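Visitor: Residue strings, one per chain:
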Amino acid sequence: MVFNSLIFLVFLAVVLTLYYPLNHRSQNLMLLAASYFFYGWWDYRFLSLLLFTSLFDYVCALKIEAENRPARRKLFLASSIFVNMGVLGIFKYYNFFAATLRSALEPMGVHLDFPTLHLILPIGLSFYTFLSMSYTIDVYRKEIPATRNALDFMLYVAYFPHLVAGPIVRASYLLPQIQRPRVIKAPEVENGIWLILIGYIKKVVIADRLGQFVDWSFAQPAAPFDNLNAWVVIYAFAFQIYGDFAGYSDIARGLAKLMGFELVVNFRAPYLVSNPAAFWRHWHISLSTWLRDYLYISLGGNRHGRWKTYRNLMLTMLLGGLWHGAGLAFVLWGLYQGLLLVVHRLWSEFRGSPAHSADPHPSGWLGWFKMFLLVAVFFHITCLGWLLFRAGGVRHGEGEWAVVRSYLRAMFRFQGTHLLLNFIIPVAMLGALGLFFQWRNWKMNEFSQWSSSKKALAVTTALALITVMGVFQGAQFIYFQF
Amino acid sequence: MGSRKLIILMAGVSAAALVLYAVLGRTLAGALDVRFGHRVLQMAAGKTTDSRMFIQMRLREAVFLLTAAALIALAQFLAACWINRRTPPRLVWILSALSGFVCLNAFALLAAHTVVFWCLLFTGTGTTHNYTQYRIKWGLTREMQAPKQAVLFGSSQTRAEIDEGILNERLGTRLWTTELHFPGNQVYDMLLNLEDLPPVKVDYVICYLSEGNFIVGPQTESIKFFLNFRNLPEFYSLGGAFTHPNRSFAYGLLGNALPLFRLRDPLLDRILGSSIMNLSQEEWNQSLVPDLATRARTAVVPYYFGPNTVFQKKAFCVFAARCRERHAVLIVCCGQLNPILGRMVDPSFRAGMLAFLRGQAAQDTNIVLLEQAQMPAQTEKDYDDLTHVNTATQARFSDFIVGVLENLMQTNLPAKHGAH
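Sequence lines, in order, name chains A and B. Residue numbering for the first sequence follows the working numbering, beginning at 1 and increasing consecutively. Residue numbering for the second sequence follows the working numbering, beginning at 483 and increasing consecutively.
The shape of chain A in the complex, shown without the other chains (with noise of 0.2 Å):
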């Protein structure tokens, strides 16, 4: 079941309806019961590794918890993570790692002759066995006490707004919130239906719309244009993906906004950064404050000097990659982005300003410029990044290699070309609502302090704009399959 489908629509009017008269405790049963049952739509099958990853992370903080020799405690936690870690290497890595393997040791004339798995890889199976990870960490560091209740627990992990896409929701946020009873308040609950049509415009008019390009292009054998042409393909994609997640992850806000939950902000505006370490504080920020709260300071961090601190960036991101799909195109990306962040934190230390300070706020017409043009540079950076990531997606002949040259030839290759307006145009108008609604991302909470007259409008428009350019053909979000 996909937010974007009719189906889902009517599970949503059903869930409240029941929702709003019930106490709390049946409310959280309630919520447990549909979450499940929204999984299981998709397919049942899966639901009971969904109930054992979570039981087994129950009862693993239990005895963390009950437990104070360190060693007794490190073992359990070590049997979360093992039990997790195991979980998403059968379903999601085991294939790549033998290819990979065999590949590896073929030319040195070892054969080995690894099973290949054939699992449908769980939606969502990368997000919640995260979250639920994190919470025997955060136990294991005594950063929150273990829940006595199973039931809340199973909420926590399943929770349909977040199960399939995120946000990655730690349990010091949102456990709280469904161990209490919840207090709905009408301005959240506008706050809510806000943001889900906002979500709705992102994934159905600006995410939908272009990946019928995307796709058709990425489906041809080389690149379809050259040049600038090239780069547009790009360009929608870069606006595509951001639609898909940022919008998924808003309407994920709005539905628990309207039962009086709060997930934590996972985009801001993640085009409008001059820099690395500022796009990763704006882009899937749960997945990157996870990966520096258990990966990152884990590894170290910057404790251990320079290098190690390279090292760690490096590796921190190299497992964010692999974390977003089990191919060499993702593992390179990760490689990439940790790259940035290197040589990022290299030129911060060089200048002597902190790699992690905010964007300065530009001043005088000359520092908007120089801001406008740095921004512009970084999101061509941000673009190349997209390639690699896209072309993991690919799946025809040739290969994904072959895609990469075919694009990376026809974008650098400057020549005179011919543009293609018919489109260049469409893809500009709708990166520029893209960029509209990152622009206008830190408003969006204000919504509930709008006129009357003023939301009113706003909502006929975007009733409107999904009406009119919507794409209503139930497309997968791009993430599930992570």
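Calculated directly from the structure, the hints in this document are not laboratory data. Accuracy of the hints is not assured; some may be wrong.
Okay, the calculated beta carbon distance ranges per label pair [unchecked claim]:
{"#": "1", "chain 1": "A", "residue 1": "N23", "chain 2": "B", "residue 2": "R572", "range": "19 to 29 Å"}
{"#": "2", "chain 1": "A", "residue 1": "Q220", "chain 2": "B", "residue 2": "Q524", "range": "34 to 44 Å"}
{"#": "3", "chain 1": "B", "residue 1": "A775", "chain 2": "A", "residue 2": "R45", "range": "37 to 47 Å"}
{"#": "4", "chain 1": "A", "residue 1": "F412", "chain 2": "B", "residue 2": "F711", "range": "49 to 59 Å"}
{"#": "5", "chain 1": "A", "residue 1": "W439", "chain 2": "B", "residue 2": "T609", "range": "31 to 41 Å"}
{"#": "6", "chain 1": "A", "residue 1": "A219", "chain 2": "B", "residue 2": "E807", "range": "31 to 41 Å"}
Every value quoted in this text rests on a predicted model; they were computed, and no experiment measured them. Built from N, CA and C at the ideal position, the CB exists for glycine as well.
Place chain B on chain A using the hints.
Guide: Showing chain B alone in chain A's frame:
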């Protein structure tokens, strides 16, 4: 601005537009005709012959739309005032937004009935959305001056076989023909098109039917654009529910409830351009193998007798009855496919179609059935692909239809109301 001032302003705008048109409409149309008349005729490509009349009617429609917009804005304003007074403050914006959305749809509904609106969506021959082209021609049927009128219904095969330009060139002063094909149309779609026709006097309905109009697994777009709630009882009684894809069906009904939704494809074609909107068609074109025999082997798969065949045959009976009710003679060209494909189709499928059409023509004297033997022969060389003939064959076939229409007009065959 105070509410009273706004009401006065809106009423003033609509009144001024009406008065201006009444006083200056003809003069302005004449002046515009002198300046742009030749360009209008060039773009119309034979769809109209009177540029002055065309411009005047568009001016009238523009005034109508302006007045409608002002009145709808006024209605929205009054509704918002009423909502403000009568509903709890927290609900005001929701109801105002919904009433605004309803008003937008009301405007879309009215706009869709004017040719001037569709002309704004016209992007040129070959790139304009099919529905836009259809609507422009549909609107112009109300303005034809010839003593008799004919319409062409069917799929792109009808358009490929019969050139309305040739018909109008030869018969235009006595009989004006409007081509209202829609790609992929089957017989039920033609029925929807007939229902959709403005209340104008139509003397002849011409359609070119081949096996393709009765096949199983239709991928028709017409349902999406022409199905209305009022068609539902008939749709179900004919057995349509089991044969049509759900998405087109749902889109059709949604389009009937929300006129803005029905306009989305043509609007997007205009806003985003046809290149990006027709990528699936482009993909399909790319997937076609050049060798027609190979292509025919894939294309022939849905050519068998199934539930849709029964549905389309029932729809034909209703279609013929509706033509009779409108006093229009139904001319059915019992056509063919490219022989490369035709040879692969189960002969009993064609025989079944022929027997059915003959049976209908025998029962209903209002049907003029033109069988293959009577029509100019078509060989493989006459076709551009598996279903569409080339221009030379089109001209030959159009000449033949001119002859048929000449004969019918000479014999003055009346449409027999309720004949059976």
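Visitor: Compare the structure with each hint and give your call.
Guide: Here is how each hint holds up against the structure:
no., hint, result
1, A:N23 - B:R572: 19 to 29 Å, "holds (24 Å)"
2, A:Q220 - B:Q524: 34 to 44 Å, "holds (37 Å)"
3, B:A775 - A:R45: 37 to 47 Å, "holds (45 Å)"
4, A:F412 - B:F711: 49 to 59 Å, "holds (56 Å)"
5, A:W439 - B:T609: 31 to 41 Å, "holds (33 Å)"
6, A:A219 - B:E807: 31 to 41 Å, "violated (49 Å)"
The structure fails hint 6 only (numbered hints given earlier).
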